[in-house]
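J.: Same order as they appear, the protein sequences are chains A and B. At position 114 of the first sequence (counting the first as 1) the number is 114 in this note's numbering, and the numbers step up by one without a gap. At position 110 of the second sequence (counting the first as 1) the number is 110 in this note's numbering, and the numbers step up by one without a gap.
These are calculated hints, taken from the structure and not from any lab test. Just to be clear, a hint being listed does not mean it is correct.
[Said to hold, decoys possible] If you anchor each label on the Cβ, the simulated ranges turn out as follows:
| id | chain 1 | residue 1 | chain 2 | residue 2 | range |
| --- | --- | --- | --- | --- | --- |
| 1 | B | L57 | A | R42 | 40 to 50 Å |
| 2 | A | R42 | B | L59 | 16 to 26 Å |
| 3 | B | E88 | A | S76 | 22 to 32 Å |
Ideal Cβ placement from N, Cα and C applies to all residues, glycine included.
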Amino acid sequence: MLTLRFSFYPVFLADFIGALLMILFAFLSLGTAVRLVYINPRNILFGYLLGVSFSFAAFALSRSFGHIVHIFLLWSGYAKYWKHLAPFSGAFNTVFILLAAFLTLIFPVVYRLFDMMSAETQALQKTKRKLEEANRQLQELSRQLEEKVKERTQELAISEEKFRKLFEASGDAIFFCDAEGRLRDINPSGLKLLGFSKEEIVGRSLGDFFLRKEDWKHYKKQLCSVGWINNYETELVIRGGEKRYVIITANAIEYVKGCRLGCQGIIKDITSFKEMMDRLIHSEKMAAVGQLAAGIAHEINTPLGIIYGYTQLLKENWPESEVIEDLEIIEKQVQSCRRLISDLLLFARSSKFSERHRFSLNELLEQIIGMVYYTFEKAGIRISFHPGDIPEIEGNEERLREVVMNLLTNSRDALKEGGEIHIWTALSPEGKVVLEVGDTGCGIPSEIRDRIFEPFFTTKPPGKGTGLGLSVSYAIIKEHGGEIEVFSPPPSKEPYLSLNICTLFRITLPERSHA
Amino acid sequence: MSLLFFFFCVFFVFSLPSEAFSIQIHPSPEGSYVHLISHLYFFSSLVVILYWFNRYLSLSGPAWRYLCLSFVFFLLWNVDTTLAHLLEILYPFKDFSYYASVLPDYLHCKKLSFCFYYFLRFDHVFCVPGMYFLWKCLQEFSKEFYVDS
Numbered sequence: 001m002l003t004l005r006f007s008f009y010p011v012f013l014a015d016f017i018g019a020l021l022m023i024l025f026a027f028l029s030l031g032t033a034v035r036l037v038y039i040n041p042r043n044i045l046f047g048y049l050l051g052v053s054f055s056f057a058a059f060a061l062s063r064s065f066g067h068i069v070h071i072f073l074l075w076s077g078y079a080k081y082w083k084h085l086a087p088f089s090g091a092f093n094t095v096f097i098l099l100a101a102f103l104t105l106i107f108p109v110v111y112r113l114f115d116m117m118s119a120e121t122q123a124l125q126k127t128k129r130k131l132e133e134a135n136r137q138l139q140e141l142s143r144q145l146e147e148k149v150k151e152r153t154q155e156l157a158i159s160e161e162k163f164r165k166l167f168e169a170s171g172d173a174i175f176f177c178d179a180e181g182r183l184r185d186i187n188p189s190g191l192k193l194l195g196f197s198k199e200e201i202v203g204r205s206l207g208d209f210f211l212r213k214e215d216w217k218h219y220k221k222q223l224c225s226v227g228w229i230n231n232y233e234t235e236l237v238i239r240g241g242e243k244r245y246v247i248i249t250a251n252a253i254e255y256v257k258g259c260r261l262g263c264q265g266i267i268k269d270i271t272s273f274k275e276m277m278d279r280l281i282h283s284e285k286m287a288a289v290g291q292l293a294a295g296i297a298h299e300i301n302t303p304l305g306i307i308y309g310y311t312q313l314l315k316e317n318w319p320e321s322e323v324i325e326d327l328e329i330i331e332k333q334v335q336s337c338r339r340l341i342s343d344l345l346l347f348a349r350s351s352k353f354s355e356r357h358r359f360s361l362n363e364l365l366e367q368i369i370g371m372v373y374y375t376f377e378k379a380g381i382r383i384s385f386h387p388g389d390i391p392e393i394e395g396n397e398e399r400l401r402e403v404v405m406n407l408l409t410n411s412r413d414a415l416k417e418g419g420e421i422h423i424w425t426a427l428s429p430e431g432k433v434v435l436e437v438g439d440t441g442c443g444i445p446s447e448i449r450d451r452i453f454e455p456f457f458t459t460k461p462p463g464k465g466t467g468l469g470l471s472v473s474y475a476i477i478k479e480h481g482g483e484i485e486v487f488s489p490p491p492s493k494e495p496y497l498s499l500n501i502c503t504l505f506r507i508t509l510p511e512r513s514h515a
Numbered sequence: 001m002s003l004l005f006f007f008f009c010v011f012f013v014f015s016l017p018s019e020a021f022s023i024q025i026h027p028s029p030e031g032s033y034v035h036l037i038s039h040l041y042f043f044s045s046l047v048v049i050l051y052w053f054n055r056y057l058s059l060s061g062p063a064w065r066y067l068c069l070s071f072v073f074f075l076l077w078n079v080d081t082t083l084a085h086l087l088e089i090l091y092p093f094k095d096f097s098y099y100a101s102v103l104p105d106y107l108h109c110k111k112l113s114f115c116f117y118y119f120l121r122f123d124h125v126f127c128v129p130g131m132y133f134l135w136k137c138l139q140e141f142s143k144e145f146y147v148d149s
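Extracted from the complex, chain A is given alone in its bound form (with noise of 0.2 Å):
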């Protein structure tokens, strides 16, 4: 058995102690945690500290309390109070307890559900954060999108102008094709070569202004096939049916093998230059013909001369000699020949006329018509003249009335089984004479068209046509300064259209010859 006594005193002192160091403490924490959360009132960890620093403190006032009023009770001889009290202070003890084991046992739930709160929180922070950062970029790429569209427009409306006034004002037609070939636009230029208004010619093929139909297969086929087409030289039919020499280049819009015909192209028109350099070709093969028509015509009018001489001498030593006939023959054909060479002289222009006035061409034409007048009409043609207001001008009038006959000549030999010959007079805009002499013949085939002029050719037979009357007729407006052209078919319009002009020969003079 165990007999030791243990003093309660010790047990005593240390409630007594303890307890206020309790009451000491608990309320130190208590103030601290207030703090704590004062500060940071969405801290859970220091709203937990709060509640339990209140539980114990609650805990040690009620608990502490009762221990020193339990003693002081006993030592003042009031025990039986604290039978009394000492059911508040341990019920008091047990809730206060009870409280601060239940705020830690919830607390790992309640922070776990709040850091699962917070980390939610955090996460739509973030995509906030990151959708206002996306928006923001979006805003900014927007803008500048906006100020690079304002930009590029402006270019483009820039550009636009730059190349509408080019478009517009372009000497040389611009036009669009779709795929199928048909104009989509074309520039005023293009309207005028073609001679049509713009709804006109809008959704019309290109095709339909070729003059031959296998340029136009030959147009597609090199844009379908290279996808472009340069300086491409070909006819174009414009509005009255007349033709245009143009020049074509062009390339395919969206090129693929297959062949896509949508274009875009340039059209020049050549027509003026083309003909003049076919004026300026034949002007320089007449040059040449007439050099080599005037060498050989010096060089054999000196032997003619001599034989012509000789021939003359023969029959002077010899008037009643058997050879006499043979004699006037030889002389009869050298006559013939030295009229060849006199022609051939003029129309080399060796043989300068130095007789000029000034005189009326109405006035000449009406000589020359009276004079043929009749034989012509015993064949069949009759001649009509339509006389213009011209002024008088300066020249050869025999030279210009061979012209004319050499003209009227051919003309009857077109019109072999009757017509009409027609002569205009009247004045060109430029000031000059104009003389036109049409037919309603079978007119000049075209291979032979450019030929007519040169000497010794002729399509009559043998023996009919020495082929220089045209060539001689030639030198002659020539040597008046003038021009003289032919037109078969002439230009369609009017007079011709109405009355059949097959043939047209157009001869234009100064009014003051300056040869």
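Put chain B on the given structure of chain A with help from the hints.
T.: Positioned in the frame of chain A, the structure of chain B alone reads:
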């Protein structure tokens, strides 16, 4: 089956009106049991939170150290008080205490458990340091917070 059981219970309750338990009268030792249970509950909560701190939170710094120390001391305090209350329920220590006046003078340790009880009465040895470390913990949090701020 469940419906039959329900009607049986209703019949049983209404057949014994004198034993109705609508208001239960709590006899004297119940308060001590409740208090004892509250200490056990607090003990369990502290075990859980210490485990949770160790398992799920990577804690560092003096504040957390003080908090853990505080919880450990409160854990020990709960053990102390639970055992003390248990011994008080088991043994009438009044019968073994000698009173010189109104206060008990000394405890006659007839059994070893009596001696154990005597030392268990010094529970302030655990709860005062526990409370102190809780205060220190809060102070450290205040410092950290101000430093962070």
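J.: Each of the hints needs a verdict: does it hold here or not?
T.: Taking the hints in turn, this is what the structure says about them:
1. B:L57 / A:R42: 40 to 50 Å: 18 Å, violated
2. A:R42 / B:L59: 16 to 26 Å: 20 Å, holds
3. B:E88 / A:S76: 22 to 32 Å: 24 Å, holds
Violated hint: 1 only; the structure is consistent with all others.
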